[in-house]
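Order-wise, the sequence lines are chains A, B and C. Numbering-wise (numbering that gives the first Met the number 0), the first sequence opens with residue 0 and increments by one. Numbering-wise (numbering that gives the first Met the number 0), the second sequence opens with residue 0 and increments by one. Numbering-wise (numbering that gives the first Met the number 0), the third sequence opens with residue 0 and increments by one.
These aren't lab readings, by the way, just hints derived from the structure by calculation. Check each hint, because a few of them may be wrong.
List time: in silico EDC-like cross-link candidates among lysine to aspartate or glutamate, alpha-carbon distance up to 20 Å [what the hints assert, rightly or not]:
1) K219(C) with E157(C)
2) K303(A) with D44(B)
3) K129(C) with D338(A)
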Amino acid sequence: MHNKSVAELSRELERGEISSVELTQQFLDRIKQEDGRFNSFITVTEEQALADAKAADEQRAAGNATPWTGVPFAHKDIFCTNGVRTTCGSKMLENFVPPYDATVTGNFRKAGAVCLGKTNMDEFAMGSSTESSYFGATTNPWGLSQGDKRVPGGSSGGSAAAVAARLVPAATATDTGGSIRQPAALCGITGLKPTYGRVSRYGMIAFASSLDQGGTMARTAEDNALMLNVMAGFDPKDSTSIDRELPDYTATLNEPLKGLKIGLPKEYFSDQLSPAMEEQVRNAVKEYEKLGATVKEVSLPNAKLAIAAYYVIAPAEASANLSRFDGARYGYRCDDPKDLMDMYTRTRAEGFGTEVKRRILVGTYALSAGYFDAYYLKAQKVRRLIQQDFINAFKEVDVLMSPTSPSPAFVQGEKTNDPVTMYLEDIFTIAVNLAGVPAMSVPAGFVDGLPVGLQIIGDYFSEARLLNAAHQFQQATDWHQREPQ
Amino acid sequence: MTISRKDIEKVAVLARIRVDEEQVSALEKDLGNILDLVDQLGAADTADVEPLAHPLDAVQRLRKDEVTETNQREAFQAIAPATEDGLYLVPRVIE
Amino acid sequence: MQWDIVIGLEIHVQLATKTKIFSGSSTAYGAEPNTQANAVDLAMPGTLPVPNEQAFRYAVMFGLAVNAEIERRSVFERKNYFYPDLPKGYQTTQLERPIVGPGYVDIDLASGETKRVRIHHAHLEEDAGKSLHDTFYDELGHGMSGIDLNRAGTPLIEVVTEPDMTNAEEAVAFAKKLHSIVTSLGICDGDMSQGSMRFDVNISLKPKGSETLGTRTETKNLNSFRFMEQAIAHEVERQMDILEDGGTIVQETRLYNGDRDESRSMRTKEEANDYRYFPCPDLLPVEIDDSFIEEARNSLPELPDARKARFMDQYGLNDYDAGLLGGDSKLAAFFEEAVSHGKDAKLTSNWIQGEFSARLNAEEKTVADSPISGAQLGDLVVRIADNTISSAGAKKVFEALWSGENDNVDAIIDAKGLKQVSDTGALEAMVDEVLAGMPDQVAQYQNEEDPKKRKKMLGGFMGPLMKASKGQGNPKLFNEILVKKLGG
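Next comes chain A alone, as it looks inside the complex (with noise of 0.2 Å):
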């Protein structure tokens, strides 16, 4: 059961082979009796989960079902949910209980889900390998088998180790430099990050509001299209969300591949890359070439500043976007607290990490007098130039093909002293996040028995021509099927 995608275990719930009560109770069990050695969940709402399934029960037995009505998935801890508790991975919000849902969860209430849980993340999203979570670091389920505790990746590690783990058949996500695809191929499953402005912001914790995104987790590329028809859409309370017609995804999942134009970026193939890891990829784009695909190289020149650009436009935006978190009106507060300045400086210190008050102190110093223009204003004129890469590329190709990653899950603690080297890891994840466009990650094969991701990059809106790429390979391939031991 536990193996079965979103699409299979809905048709079940649909035939009537098996309840959402059933299902759910499976689900629940396999995360405590697996989930010790992952920690991938920092809240299993066993009791909610178990109410809901029987509401989705008889939701579907009174001819009300959606495709997800009854169906187990889980958020990560990012998004708010009604009245359970809400921790983004920090001390900060080690008891914050949300009295209102964030606009994707309500989505997937209202499409009748069953939420397992909250699952674990590098603190307020910030970094690649899960081991920033207040809550304990997240191990990957790959290389345990040969006694490593690797990283599953970041900052969604926890929706990813869950997903590949098979302790859920989907989890939500979010992506502010690479935090959905990154981990996705560190743990061999597929994600989805989607235009800047298709999935709602509101009631998503933010980290840096003009590059994070919601989106989407599960083996399947045929099962990010099923959370996307949920997730995406146009929210009144998201000032940056895109009133946009919004498709089918599932509708587009089968056409031909014949006649595909995919782009290398060859900065994406850099000596960054291992080349056992750049073999994966190539063998990946000749299966696209056997699906009928025609292949080029194109350049992103500006690409090699992203992570410089990065790291000033994240930083400076979540230091405002972290100053509300103060110990006046929820969250943590310091203990005796003399005067408010202590109140303030004490709580913040204990109650971020040490990588959450690194980025608001360089974000603070990079928008303070004397160096707004040389820094923020700089960033955001890099940024441009960047956007203007990708449009560019697309006037050639439908889609761009990379590695996800530079390398496979590395050992915990490996990284966790440098935190530039951490940053390099999402060296080709970033760009995405400056220009907005969607992308996606894929298992297109193993290196030393750890997974490695194909990103394939697409054009404004372009999610469903991705979903329908990733799908056409999924037929092809079995990399997405492969459980870890």
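Given the coordinates of chain A, assemble chains B and C onto it according to the supplied hints.
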């Protein structure tokens, strides 16, 4: 680009994060490395380039002036660190 | 040494929208603490701002009213600082592209001159909440402040003038004019006691004739015209004392205590403020198109300057009366209602500026709280003009209306027997009778050559005549008859 101890102390005050003496040295190194990374930006030719604040050149929608919110003080204050008489309490504000 | 005073103003005007600038929470004044502070206003995690169209409409109306350019593409910035009444840790405001660009307002001075005060810009922003001090203690006895965030997110326009004013009179005249404009527009309720308009005054001094501006101070949050006037006088004197003693002015923000006529420097933080403004990534640029501006222009009500001109033209009021009645939209409406009943504009104007205003002031009421309607005052004016009642009688009628004893002018006149006798025959008989009883005075009058003295002596007969008529004789007619009977 290096960042001095004084700079770190200054931004820590602006960001309202208490930084202990021994943390300043580590921050000096880490923030210095991050700023070195970021300094690659200087190499880009951005003459006549407009800054890009948002990926999509969209325009702000405006909301009708209609009350849509109801009083939920009880729910919000149930998760507050300290309240009294409907007010949020913080250490005394001195102007 | 002689000094030139340089004054610029920053005025926070709370917009009279139903909801906040970035959320659908009510802005109604006086609600229980934090009952109008919802997820967005409290800066709960993940919440996002959605701007209120009406705030933009009001800002555009203001811009048009002060002859300003409207910015077609305005942007919001975040101004970062920590304060308990600022839930997000930043104020969403406009820095680089404010909605209202340069404009101007003309003010009338007591000298009869008109002066132009330039407006640098006006921008939209959100108000902060309120801190209530010194009331609460934690379990260790530390003093705590209570925070009410009902006001947080109320839309404001901050109007920034050029430093064009040179004394308190000009500054107050400008402030009053601005008050008159925003209340006439209906974009602000103008209630200064509730903080609907708050003034910050920037003051500097320079040696007379000097081109170089001196160091300025900012006196914050003045919420009455009187305090503003006093605060300016106080600050000018303070700076003058320092400069004349050879000292220097420190650029700082000061708080003025109107009750004590004192000011003090606001505690300055160890670090100067560095607000780290940057464009708010949760909001997109707001585009104002021609149709939006035209719609706003068409919805503009009559403004004080236009109303003053019309009052002079339509009602024949003089410059002073027209300026006074036309300057306040509520008073102007009251006047027009009264005049539509009372016909005699000058007499109506006199009554409004006299008895009516005196009573409002005495009872600290505004026109809106007046127990007398414009229509009632108009009815009263009709009865004065047609000689039904004397001015003494009119005051009695006014009293009865004010106290609510009766709401009908004619009914009061009847009930109190205030109707004047204007029957010439009856009045002539009374005059004859009184003159017959005062032969000496009649002779004295007739022997007097000086017309001025004669006129004065007429008064001696009026007392007995009013007594004889039980106070109901029309004094004007008595006067005419007397003059005739006494032989000029």
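We went through each hint and held it up to the structure:
1. Proximity of K219(C) to E157(C) is assessed by CA-CA distance (about 13 Å); at most 20 Å being required, the pair is judged to hold.
2. In summary, the hint linking K303(A) to D44(B) is supported, as the alpha carbons are separated by about 13 Å, within the 20 Å threshold.
3. At most 20 Å may separate the alpha-carbon atoms for a hinted pair to count; K129(C) and D338(A) meet this at roughly 18 Å.
Of the hints listed earlier, there is not a single one the structure fails to meet.
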